[in-house]
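Visitor: Okay, here's what each chain looks like letter by letter:
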Amino acid sequence: MNLDTVIFIVSAVVAVFGATMMIAQRNPVASVLYLILSLVAQAVCYVQLSALFLGAILVVVYAGAIMVLFLFVIMLLNLRGSEDLGQPPKALSRFTKYTIGILMTLELVFIIKGAPLKAMATGLIGKAPDGFGSVEQVARLMFTDYLYPFELTGVLLLIAVVGAVVVAKSRKPGDPEETQTEETAGTNTNEAGS
Amino acid sequence: MLEIIIIGTLKVIAVVVVVLTCCAYSTLLERKVLAYMQHRLGPIYAGPWGLMQPIADGIKLMFKEDIVPDRSERLMFMLAPIVSFIPALLVFAVVPFSSDFSMFGYEIKGVLSDLNIGVLYIFAITSLSVYGLVLAGWSSGSKYSLLGGIRSSAQMISYELSYGLSIVGVILFANTLSMTEIVNQQASFWDMFIFRQPLAFLLFLTCGIAETNRLPFDLPECESELAAGYHTEYSSMRFATFFVAEYGYMLAVSSVATTLFLGGWQGPFLPPVIWFLIKVFGFMFFYIWLRATFPRFRYDQLMAFGWKVLFPLALANTMGTALWVLLTDSVN
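Protein chains in written order, with our numbering: chain A, 983 to 1176; chain B, 3 to 334.
Any given hint could be a false lead.
[To be verified] Pairs of lysine to any residue residues, derived as SDA-like cross-links and limited to a Cα-Cα distance of at most 20 Å, are as follows:
#1 B/K111 <-> B/L91
#2 B/K310 <-> A/V1148
#3 B/K62 <-> B/Y47
#4 B/K13 <-> B/Y108
#5 B/K310 <-> A/A1146
#6 B/K145 <-> B/M78
#7 B/K310 <-> A/V1143
#8 B/K13 <-> B/I276
#9 B/K310 <-> A/V1147
#10 B/K62 <-> B/M239
#11 B/K145 <-> A/L1058
#12 B/K145 <-> A/N1009
#13 B/K13 <-> B/K111
#14 B/K310 <-> A/A1150
#15 A/K1151 <-> B/K310
#16 B/K66 <-> B/S238
#17 B/K145 <-> A/L1059
#18 B/K310 <-> A/L1140
#19 B/K13 <-> B/C24
#20 B/K66 <-> B/A26
#21 B/K111 <-> B/M3
#22 B/K145 <-> A/V1055
#23 B/K145 <-> A/I1056
#24 A/K1151 <-> B/D302
#25 A/K1151 <-> B/A306
#26 B/K145 <-> A/P1010
#27 B/K310 <-> A/V1144
#28 B/K310 <-> B/L201
[What the hints assert, rightly or not] Label-pair restraints from in silico Cβ distances:
#29 A/A1121 <-> B/L22: 37 to 43 Å
#30 B/A324 <-> A/D1127: 20 to 26 Å
#31 B/I88 <-> A/A1121: 27 to 33 Å
[To be verified] Short, incomplete list of chain A residues facing chain B, as computed with Cβ under 8 Å:
#32 L1034
#33 L1058
#34 V1117
No lab work stands behind these hints, which were simulated from the structure alone. Think of the CB as a built atom: it goes at the ideal place given N, C-alpha and C, for glycine as much as any other residue.
Just need the whole structure built from these sequences, with the hints factored in.
Guide: Below, the structure is given as structure tokens:
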């Protein structure tokens, strides 16, 4: 068992633990914190796979920007953070819930069966080629082979920004919460932009 | 292998000790400079020129009662100062503080880790710094703290984008994300990125001050409205940890600014480490100077300034630089 394996096992366990605790928490702020923990652990996994750039971006964008916004919104809406959310709304029937659960478990089993776990554990997967996952390589792929998906994602985010502004601006003028509206618009724009 | 581990460990310890000492003495520097700017003397009783003052403060804070409010979320209340302090230290892992040198027959690199995505690493780490403040504000169970926490999250989000974009110009010119490589490219005086990217430098400095919650952008902790904001409920060493973390961030931003825009350790005659420290403390002096000069922004002014002035400027600078690089092809 070499150092890589130890690091992988630790970060993988932390990632799964964080994700599990995220959905097991009643307190939304604690959920956000566990999600951040999980994201940072995932970033460590990316770094181990020589995807340094992806790992750093994961932390910058998700852990650093989007989760701050989540926290911001939760804290604004639910000022008494320790108060629990009560019973969740019953939107799905029991049958649907169990069906989705079983399907996803099956999917997980197939993925785990297909994954070269043994090779990963013994470090036989081999080294990534030179420059793999570097900024240059990611950028080259993004602006050549995957140019259209990349541009489309940009357009999608732009639509989200416009939508957010429209939703935020739809209140009547002269509303006492006018300044509040402006602030929310700024925050939403940022969410989509990041 | 063992040698590498020992040298690495010693280097880490040395850097941590130096950074912590610098944090402690930055507090003295701040008090002294502020005092002289306001025709006062500042601390003078503890040692010559008050040089023992940071140590006296530290001992005093350690012996104060550690109060955890009843209404707080205990665990997070205790974690928050640490969460805010650790990222400040982690930044220094990729800051090149000297050229490579040899000591006792060993070749030693002037940086803890020459990561090839150094700049991004710094962003990843500093973007996590806000959680300490937000957690402190939320877990204290006090209105003032909560408002401070909410303010800091809004402020950080607003300034983070311009902060990141301001560096893109430098990266485009340097064509690398490695801090060491960026320093190497600024070998001569006019090569420093402050001359090639003056607007980016101003943006970086402004956003850096906002990110560290210093005057004139210290809304999360403004005394007059929020009674010290997110750390209202803290006392003893937990409070001191926040205090040290703030100075740690100032040092971190100063070091990054030095590395990216002022050529890092490059400079004539004096040893590289000395040059690095001179530049970093130049920035620290600037921080204090600002505090003595400017009043605080109003909250809506802060938001408007971030989104309507800094952000468009940063975008324009990025696009202009990209166009320039494309047209002149100065990279190749």
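Visitor: Now, for every hint given, state plainly whether the structure supports it.
Guide: Hints, one by one, checked against the model:
Between B/K111 and B/L91, the direct Cα distance comes to roughly 19 Å. Compliance with the 20 Å bound is thereby established for this hinted pair. Taking the CA atoms of B/K310 and A/V1148, the gap is near 19 Å; set against the 20 Å cutoff, the hint holds. The hinted pair formed by B/K62 and B/Y47 meets the criterion: a straight-line CA distance of about 15 Å does not exceed 20 Å. Straight-line distance between C-alpha atoms of B/K13 and B/Y108 comes to about 13 Å, which keeps the hinted pair within the 20 Å bound.
Only pairs whose Cα atoms come within 20 Å are accepted, and B/K310 paired with A/A1146 is accepted, the gap being roughly 18 Å. As the CA atoms of B/K145 and B/M78 are separated by approximately 17 Å, the hinted pair is consistent with the 20 Å bound. For a cut-off of 20 Å, the pair hint linking B/K310 to A/V1143 stands: about 16 Å separates their Cα positions. Of the pairs offered as hints, the one joining B/K13 and B/I276 holds, with about 17 Å between alpha carbons and a cut-off of 20 Å not exceeded.
Between B/K310 and A/V1147, the direct Cα distance comes to roughly 15 Å. Compliance with the 20 Å bound is thereby established for this hinted pair. A C-alpha spacing of about 9 Å is found between B/K62 and B/M239, which places the hinted pair at or below 20 Å, so the restraint holds. With a C-alpha separation of about 12 Å, the suggested pairing of B/K145 with A/L1058 holds against the 20 Å cut-off. For the proposed pair B/K145 and A/N1009, the alpha carbon gap of about 19 Å is at most 20 Å, so the pair holds.
Annotation: proposed proximity of B/K13 to B/K111 holds, straight-line Cα distance about 10 Å (limit 20 Å). Taking the CA atoms of B/K310 and A/A1150, the gap is near 18 Å; set against the 20 Å cutoff, the hint holds. Between the alpha carbons of A/K1151 and B/K310 the distance comes to roughly 18 Å, so the proposed pair stays at or under 20 Å and holds. Simply put, B/K66 and B/S238 have alpha-carbon atoms about 5 Å apart, close enough for the 20 Å limit, and the pair holds.
This hinted pair checks out: B/K145 and A/L1059 have alpha carbons roughly 14 Å apart, not beyond 20 Å. At most 20 Å may separate the alpha-carbon atoms for a hinted pair to count; B/K310 and A/L1140 meet this at roughly 18 Å. The straight-line distance between the Cα atoms of B/K13 and B/C24 is roughly 16 Å, inside the 20 Å bound, and the hint therefore holds. With a C-alpha separation of about 18 Å, the suggested pair B/K66 and B/A26 falls inside the 20 Å cut-off, and the hint holds.
Of the supplied pair hints, the one linking B/K111 and B/M3 holds, its CA atoms being roughly 16 Å apart against a limit of 20 Å. For the proposed pair B/K145 and A/V1055, the alpha carbon gap of about 16 Å is at most 20 Å, so the pair holds. Straight-line distance between C-alpha atoms of B/K145 and A/I1056 comes to about 15 Å, which keeps the hinted pair within the 20 Å bound. Distance restraint check for A/K1151 and B/D302: the Cα-Cα separation of roughly 18 Å lies within the 20 Å cut-off, and the hinted pair is therefore satisfied.
Proximity of A/K1151 to B/A306 is assessed by CA-CA distance (about 17 Å); at most 20 Å being required, the pair is judged to hold. Proximity of B/K145 to A/P1010 is assessed by CA-CA distance (about 19 Å); at most 20 Å being required, the pair is judged to hold. Between B/K310 and A/V1144 the CA atoms are separated by roughly 17 Å; this keeps the pair inside 20 Å, and the hint holds. Distance hint between B/K310 and B/L201 is fulfilled; the C-alpha atoms sit about 16 Å from each other, no more than 20 Å.
Distance hint for A/A1121 and B/L22: a CB-CB separation of about 38 Å, consistent with the stated range 37 to 43 Å. Between B/A324 and A/D1127 the CB atoms are about 21 Å apart, so this pair conforms to the stated range of 20 to 26 Å. For the pair B/I88 and A/A1121, the supplied restraint of 27 to 33 Å holds, since their beta-carbon distance comes to about 31 Å. Given the 8 Å rule on beta carbons, the hint for A/L1034 holds: about 5 Å separates it from the nearest Cβ of chain B.
With a cut of 8 Å, the hint placing A/L1058 at the interface with chain B holds, because the nearest CB-to-CB distance is about 6 Å. Interface restraint check: A/V1117 against chain B, minimum CB-CB distance 6 Å, threshold 8 Å, status holds.
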